[in-house]
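Using the hints, build the complex out of the two chains.
Those sequence lines, one after another, are chains U and E.
Residue 1 is where the first sequence starts when you use our numbering, and the numbers rise one by one after that.
Residue 1 is where the second sequence starts when you use our numbering, and the numbers rise one by one after that.
It should be emphasised that the hints constitute simulated quantities derived from the structure, not laboratory data.
All C-beta atoms in this analysis are idealised placements derived from N, C-alpha and C, irrespective of residue type, glycine included.
Treat the hints loosely; a few may be bogus.
Said to hold, decoys possible - Now the in silico label distances, taken between C-beta atoms and shown as ranges:
#1 E:Asn-51 / U:Thr-5: 31 to 41 angstroms
#2 U:Pro-10 / E:Arg-15: 27 to 37 angstroms
#3 U:Ser-14 / E:Arg-59: 21 to 31 angstroms
#4 E:Gly-72 / U:Leu-13: 44 to 54 angstroms
#5 E:Gln-41 / U:Ser-108: 11 to 21 angstroms
#6 E:Leu-60 / U:Thr-71: 23 to 33 angstroms
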Amino acid sequence: GDSVTQMEGPVTLSEEAFLTINCTYTATGYPSLFWYVQYPGEGLQLLLKATKADDKGSNKGFEATYRKETTSFHLEKGSVQVSDSAVYFCALYNQGGKLIFGQGTELSVKP
Amino acid sequence: DTGVSQDPRHKITKRGQNVTFRCDPISEHNRLYWYRQTLGQGPEFLTYFQNEAQLEKSRLLSDRFSAERPKGSFSTLEIQRTEQGDSAMYLCASSLAGSSYNEQFFGPGTRLTVL
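Looking at chain E on its own, in the form it has when it is part of the complex (with noise of 0.2 angstroms):
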């Protein structure tokens, strides 16, 4: 078990472009999340999948993003048309639904900067 990954580790990219992040899982976890995370704050709940089923989206996820699970293992997180503001952290998670206290794994974070 290698734990949670996240692919690619930092992304540059210019005002207006889109940018696409990767998240691999625990293989046996069920539940994904994805979180942002400002400096100096912490982790911001954006979305969260149950097998392939996006089950809740915060309202910081606007219209410029979109996240997917289609074969309920991978998940990817969209971002088009990126804004300076969009510069952050962004952390997948994994856990398995059913423990009883959701314990959450994070992965390293792929780190956004938009130029």
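Chain U with its partners taken away, still in its complex shape (with noise of 0.2 angstroms):
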């Protein structure tokens, strides 16, 4: 069946160091991708999609480019913040009606 996997946690970086957290995917056909955020004491928020292959999504400096070849959705940012600390979901749509996540990535980021 489809499932998602990303890099273990908790990821700790300083702030303005550049962030890289790997998502790679099983799944027949073409998924939609997305990476989900939560942060602490809140609900999941979508961060960005991608919906076919070679599409990049972005949204408040983040960005993550859909790769079939690698079947890869790393998601990126050049210059974190400590606002950016959180737990981070890639998750794919494929078919039916669910959402299937990745385990989480928690992202801790110091002044």
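Right, here's the structure in full:
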């Protein structure tokens, strides 16, 4: 069945450091891919999305490119801030109704 | 539009008791989803409705779990004879069927603790 694998956390960075969180997927067909973010004490929020191969999703300085050849959707940000501290989830939507999530990667940014 | 709301936000119960959670979706959304999230894991799909019809159920949804959406608006998730393994965050989400990528909007969740 379809699945998503993320790099394990926690990831601890200093402010202004470069961020990469790896995400790979297994799916039949052409899924849509997402990054969701969960800030402390808050619900899941959609951060960015890509619906077809080579699409680049971007929001709030974060980017991810849908790479079908490597079945990957890695999240990147050039300069993280303390306010980016959160748990990040990679997810896919293929068919039916459900989203399939990775296990989440906790990011902690220190000043 | 106030987003997806869930009630209660926290529930503590004793093993063997029944609990019921409510979810109110975004008003124009016709799809409603339930997920379960345990500590350190991503959300896992439980079930979803399109209008009042329950279209898919995960094998995670044992016979102690039942979900309803009687008028195609709010939904309830009931857990009978709770077990300690039911302790988790229960998330509700809604979306508009027919959108190209099925963007789901999540509520804040109900945290269940079974003692």
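(message) For each hint given before, does the structure comply? Return the numbers of the non-compliant ones in rising order.
(response) Failing hint: just 3.
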